[in-house]
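Peer 1: What follows is the residue order along each chain.
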Amino acid sequence: MLYLIIDILGAAAFAISGVLVAMEKKLDLFGVLIIAFVTATGGGTLRDVLIGNKPVFWMLNPIYLFTILGAVILAILFVNQLKFLRKTLFLFDTIGIGLFTMVGIEKGLEAELAPPICIILGTITASFGGVIRDILCNEIPVIFQKEIYATACILGGVSYFLLAMTPIDSAYSYIVAIMIVIVFRLLAVKFHIALPNIYKVKK
Amino acid sequence: MLYLIIDILGAAAFAISGVLVAMEKKLDLFGVLIIAFVTATGGGTLRDVLIGNKPVFWMLNPIYLFTILGAVILAILFVNQLKFLRKTLFLFDTIGIGLFTMVGIEKGLEAELAPPICIILGTITASFGGVIRDILCNEIPVIFQKEIYATACILGGVSYFLLAMTPIDSAYSYIVAIMIVIVFRLLAVKFHIALPNIYKVKK
Amino acid sequence: MLYLIIDILGAAAFAISGVLVAMEKKLDLFGVLIIAFVTATGGGTLRDVLIGNKPVFWMLNPIYLFTILGAVILAILFVNQLKFLRKTLFLFDTIGIGLFTMVGIEKGLEAELAPPICIILGTITASFGGVIRDILCNEIPVIFQKEIYATACILGGVSYFLLAMTPIDSAYSYIVAIMIVIVFRLLAVKFHIALPNIYKVKK
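Chains as they are written, first to last, in my numbering: chain A, 1 to 203; chain B, 1 to 203; chain C, 1 to 203.
Hints listed in this document are in silico derivations from the structure and should not be mistaken for laboratory results. Take the hints with a grain of salt, since some may be wrong.
Unchecked claim - Straight-line distance between alpha carbons at most 20 angstroms, and here's what the computed EDC-like set of lysine to aspartate or glutamate pairs gives:
1. B/Lys54 <-> C/Glu110
2. B/Lys54 <-> C/Glu112
3. B/Lys54 <-> C/Glu139
4. A/Lys54 <-> B/Glu106
5. C/Lys26 <-> A/Glu139
6. A/Lys54 <-> B/Glu112
7. A/Lys25 <-> B/Glu106
8. A/Lys87 <-> A/Asp7
9. B/Lys25 <-> C/Glu139
10. A/Lys54 <-> B/Glu139
11. A/Lys26 <-> B/Glu112
12. C/Lys54 <-> A/Glu106
13. C/Lys25 <-> A/Glu139
14. C/Lys25 <-> B/Glu139
15. A/Lys87 <-> A/Glu139
16. C/Lys54 <-> A/Glu112
17. B/Lys25 <-> A/Glu139
18. B/Lys26 <-> C/Glu139
As the list claims (entries may be wrong) - Label-pair ranges, simulated between beta-carbon atoms:
19. A/Asn61 <-> C/Val79: 43 to 49 angstroms
20. C/Phe66 <-> A/Thr166: 23 to 29 angstroms
21. C/Glu139 <-> B/Pro196: 53 to 59 angstroms
22. B/Leu85 <-> A/Asn138: 26 to 32 angstroms
23. B/Gly70 <-> A/Glu24: 30 to 36 angstroms
24. A/Asn138 <-> B/Arg86: 22 to 28 angstroms
25. B/Ala114 <-> C/Tyr172: 51 to 57 angstroms
26. B/Asn61 <-> C/Gly70: 40 to 46 angstroms
27. C/Phe66 <-> A/Ile73: 52 to 58 angstroms
28. A/Phe161 <-> B/Phe78: 56 to 62 angstroms
29. B/Leu77 <-> A/Glu24: 53 to 59 angstroms
30. A/Met165 <-> B/Leu4: 26 to 32 angstroms
31. B/Gln81 <-> A/Lys83: 34 to 40 angstroms
32. B/Glu24 <-> C/Glu112: 35 to 41 angstroms
Computed from a predicted structure; not experimentally measured. Just so it is clear, CB atoms sit at the ideal spot from N, CA and C, and this is done for glycine as well.
With these hints in hand, go ahead and build the complete structure from the sequences.
Peer 2: Here is the structure:
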């Protein structure tokens, strides 16, 4: 139950981030709706397609559709107020990332895939909604440029598999891994931690 | 049989619209061909992948491939004449949208999915070929900006499920829903009906 | 064994080409990694998704992941030296294309699809990694504009099916088809062979 609530809060937060990007691009109502839907479901959809789970997750329970619809309507109505909620949204978004990472890993394990593949699936689940959003809006995905986003997912995933080798109960490992994703991302954004620069500094 | 003919006319019309966009972008022969193919099959392909129908529909019957090849060759040869056929093409395109919407809904019902999910599948079938075409050509998909396109698909889909609750024979509902998509789109284009504006009018 | 070695060399060459494009776009470390991964695996992934092979190939053997990781690290470390290896890289890349084409055709035959569909699958396997790379980097795919790339795949595929109608052993046909793709591409690049121009020459 708690699981479902967080999952839906995550989907809603992702949908709202989609609305904000789409409205900046001045898309019409339908465009905003589809971008929100794709941002919220794209990562899980790609994961399910790659694994071969069928049909993809949001087809089996219309609650995802209605949650996203509700979030879009609220976001459009209160778009000006959203600016003051930026921190709350960022927190939802980050919680969503943490949870979606572990959902993806879980689905990989269910399909009996190797740990590195599961970590990739977790990262895809958490991050490809945003990638598809940016492609549809004709931008280079923000995640490829400066966000520490995916690194947090990978760290969380690695932690989970390391913890799984200890005698710690797997339910705890699960929660600890989610917390690692969330805390790492919050710290990275707060202290402007970035990946090591691979380009020669030009002077 | 009639069904197959309309389906193929729809694919041909979509392929031709792909040729026109690709030639505007000055793509080479292969680029034009692939954009045409993707425009004609992309919506149905995404639908089949999401549902998990395998393999995707155009692999099972090479007639789609040959129809598209034929349409591309004709379109390239007669590209100047196509300007005078703009209305005919638009009509084919619109018929294609109506039919593809119901094909998508039908496939959703076969997979025993809920009505709102079926309507999404219908809309995807009718509209994502054009979306993928625009992404490949590095444009923000036109459907997100001004077209009433998807709204027509959704309206038709909703009508179908409303009619299905009446004692009307489902074959009639099917045809009526297709007509609604077609008529609504024709009227919307003729009378410049657009979605309600969600942006503050700047003065 | 030889098969696996060439397959992995191909993946490595594709990954390196991804690194080069991504670094030109100044993506961060993760961006470079994902572009490399997508370039190396995108074609085969799309093929598996369209056929409905599940899960997609690189999930079943982590060697692909580690090969790509290794190639990316080497490519980033030696990016300046890579300029002098351009010919070697091009050769790897071309070998990769030849092999990937036949791998795709083989997978189509296993799924009992018609020859033209198999040829499409071969071409997708060999070329869509590059297409997805270009879409993610917000470019019109280079393959749609000037490369003779896909034409080589199609020619190789057609040759394979023509040879299969002769009494020649299918193992030979397989190798001959790969050679045709490779030789045709090398010649096309060397002699600047392009597809026939479909646009009126403006003066």
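Peer 1: The structure should be examined with respect to each hint, and the outcome stated for every one.
Peer 2: Quick rundown of the hints versus the structure:
no., hint, result
1, B/Lys54 <-> C/Glu110, "14 angstroms, holds"
2, B/Lys54 <-> C/Glu112, "12 angstroms, holds"
3, B/Lys54 <-> C/Glu139, "31 angstroms, violated"
4, A/Lys54 <-> B/Glu106, "17 angstroms, holds"
5, C/Lys26 <-> A/Glu139, "14 angstroms, holds"
6, A/Lys54 <-> B/Glu112, "12 angstroms, holds"
7, A/Lys25 <-> B/Glu106, "34 angstroms, violated"
8, A/Lys87 <-> A/Asp7, "19 angstroms, holds"
9, B/Lys25 <-> C/Glu139, "12 angstroms, holds"
10, A/Lys54 <-> B/Glu139, "31 angstroms, violated"
11, A/Lys26 <-> B/Glu112, "36 angstroms, violated"
12, C/Lys54 <-> A/Glu106, "17 angstroms, holds"
13, C/Lys25 <-> A/Glu139, "12 angstroms, holds"
14, C/Lys25 <-> B/Glu139, "19 angstroms, holds"
15, A/Lys87 <-> A/Glu139, "24 angstroms, violated"
16, C/Lys54 <-> A/Glu112, "12 angstroms, holds"
17, B/Lys25 <-> A/Glu139, "19 angstroms, holds"
18, B/Lys26 <-> C/Glu139, "14 angstroms, holds"
19, A/Asn61 <-> C/Val79: 43 to 49 angstroms, "47 angstroms, holds"
20, C/Phe66 <-> A/Thr166: 23 to 29 angstroms, "25 angstroms, holds"
21, C/Glu139 <-> B/Pro196: 53 to 59 angstroms, "35 angstroms, violated"
22, B/Leu85 <-> A/Asn138: 26 to 32 angstroms, "30 angstroms, holds"
23, B/Gly70 <-> A/Glu24: 30 to 36 angstroms, "42 angstroms, violated"
24, A/Asn138 <-> B/Arg86: 22 to 28 angstroms, "26 angstroms, holds"
25, B/Ala114 <-> C/Tyr172: 51 to 57 angstroms, "53 angstroms, holds"
26, B/Asn61 <-> C/Gly70: 40 to 46 angstroms, "43 angstroms, holds"
27, C/Phe66 <-> A/Ile73: 52 to 58 angstroms, "46 angstroms, violated"
28, A/Phe161 <-> B/Phe78: 56 to 62 angstroms, "60 angstroms, holds"
29, B/Leu77 <-> A/Glu24: 53 to 59 angstroms, "42 angstroms, violated"
30, A/Met165 <-> B/Leu4: 26 to 32 angstroms, "58 angstroms, violated"
31, B/Gln81 <-> A/Lys83: 34 to 40 angstroms, "53 angstroms, violated"
32, B/Glu24 <-> C/Glu112: 35 to 41 angstroms, "39 angstroms, holds"
Hint compliance for this structure: hints 3, 7, 10, 11, 15, 21, 23, 27, 29, 30 and 31 are not met, and every other hint is.
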